[in-house]
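Chains as they are written, first to last, in my numbering: chain A, 18 to 169; chain B, 18 to 169.
Don't read these hints as lab results, they were simulated from the structure.
Using N, Cα and C, we set each Cβ at its ideal position, and we do this for glycine too.
A hint or two may mislead.
[Said to hold, decoys possible] Here chain B is said to cover these stretches of chain A; the calculated rule only asks that three of the stretch's residues, wherever they fall, bring their Cβ under 8 Å from a Cβ of chain B:
1. 99-113
2. 125-132
3. 143-154
Protein chains: 2
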Amino acid sequence: MASSPLPADAAQIRALIEARVAAIHAKDIAALVAAHAPEPVMFDVLPPLAYQGLDTVKQRAEKWAGSYDGPIGYEIRDVRVTAGADAAFAHYLYHVTGTLNAGATVAMWVRATLGLLKVDGAWKIAHDHESVPFDPATGQASLDLTPDTPAS
Amino acid sequence: MASSPLPADAAQIRALIEARVAAIHAKDIAALVAAHAPEPVMFDVLPPLAYQGLDTVKQRAEKWAGSYDGPIGYEIRDVRVTAGADAAFAHYLYHVTGTLNAGATVAMWVRATLGLLKVDGAWKIAHDHESVPFDPATGQASLDLTPDTPAS
Numbered sequence: 018m019a020s021s022p023l024p025a026d027a028a029q030i031r032a033l034i035e036a037r038v039a040a041i042h043a044k045d046i047a048a049l050v051a052a053h054a055p056e057p058v059m060f061d062v063l064p065p066l067a068y069q070g071l072d073t074v075k076q077r078a079e080k081w082a083g084s085y086d087g088p089i090g091y092e093i094r095d096v097r098v099t100a101g102a103d104a105a106f107a108h109y110l111y112h113v114t115g116t117l118n119a120g121a122t123v124a125m126w127v128r129a130t131l132g133l134l135k136v137d138g139a140w141k142i143a144h145d146h147e148s149v150p151f152d153p154a155t156g157q158a159s160l161d162l163t164p165d166t167p168a169s
Numbered sequence: 018m019a020s021s022p023l024p025a026d027a028a029q030i031r032a033l034i035e036a037r038v039a040a041i042h043a044k045d046i047a048a049l050v051a052a053h054a055p056e057p058v059m060f061d062v063l064p065p066l067a068y069q070g071l072d073t074v075k076q077r078a079e080k081w082a083g084s085y086d087g088p089i090g091y092e093i094r095d096v097r098v099t100a101g102a103d104a105a106f107a108h109y110l111y112h113v114t115g116t117l118n119a120g121a122t123v124a125m126w127v128r129a130t131l132g133l134l135k136v137d138g139a140w141k142i143a144h145d146h147e148s149v150p151f152d153p154a155t156g157q158a159s160l161d162l163t164p165d166t167p168a169s
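Please construct the entire structure, taking both the sequences and the accompanying hints into account.
This is the structure:
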């Protein structure tokens, strides 16, 4: 059987991503956590390699949002959603900006990939992989890339 | 409708991942490329942020495999597959080891997430996100993490 896109499901997942952006702008941790399936596995921008469980997701979201002094800028682009009837994945790029409590400014593009499951009729995030690449010549994370930066 | 796992599809995707490991060990670029859907979007360990298309996937796989002097070690663990009827996602950790042509040794753990589509009855990779985290204190990629490294 050939796969076919399911527009209603894709629209629901796009709405979930938009709600996520709104929750980040509002630093609404409860809303962020509520979008997850019961046992999510996370590959985050910062160490460790992986973590899982809603309690850990909540703690890390609180720590992350709390590390910013004032608002968090979070602009997304290049959203692509591939939805089946009961499993889906989506990816996008986001530009996160703001000022940390320690005074440093953040302005970087990050890649995000979501794995989603339909749980009791609603799409939930079961997996979230977010990262920046690194420069093999220096070992430094590539924090100054833009979506238009060509391959070297 | 509640989601339910589809064991046959999950088994096919696990077999695809095992075949991928074998293709990397054999530096069989044709086999690696053949596992992809027609217009894959890739978020790779190294810059740029994203690239797409089978030609680019092939070129980068050739460049990557060619950068190793001798065999590439590639050990996977913590594979989790979530398969629907026509879309799926999977993630795992891999330990890549070897010696580069320039003489440097590589030994690092990487996170991998695949987004998969069923194309003419066969699962294909439509999206691949691979990365290591980075240390925000130094800006360095975290190349010495292991799956057992706790959160700091």
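We went through each hint and held it up to the structure:
no.	hint	verdict
1	99-113	holds (count 10)
2	125-132	holds (count 4)
3	143-154	holds (count 9)
In summary, this structure violates none of the numbered hints.
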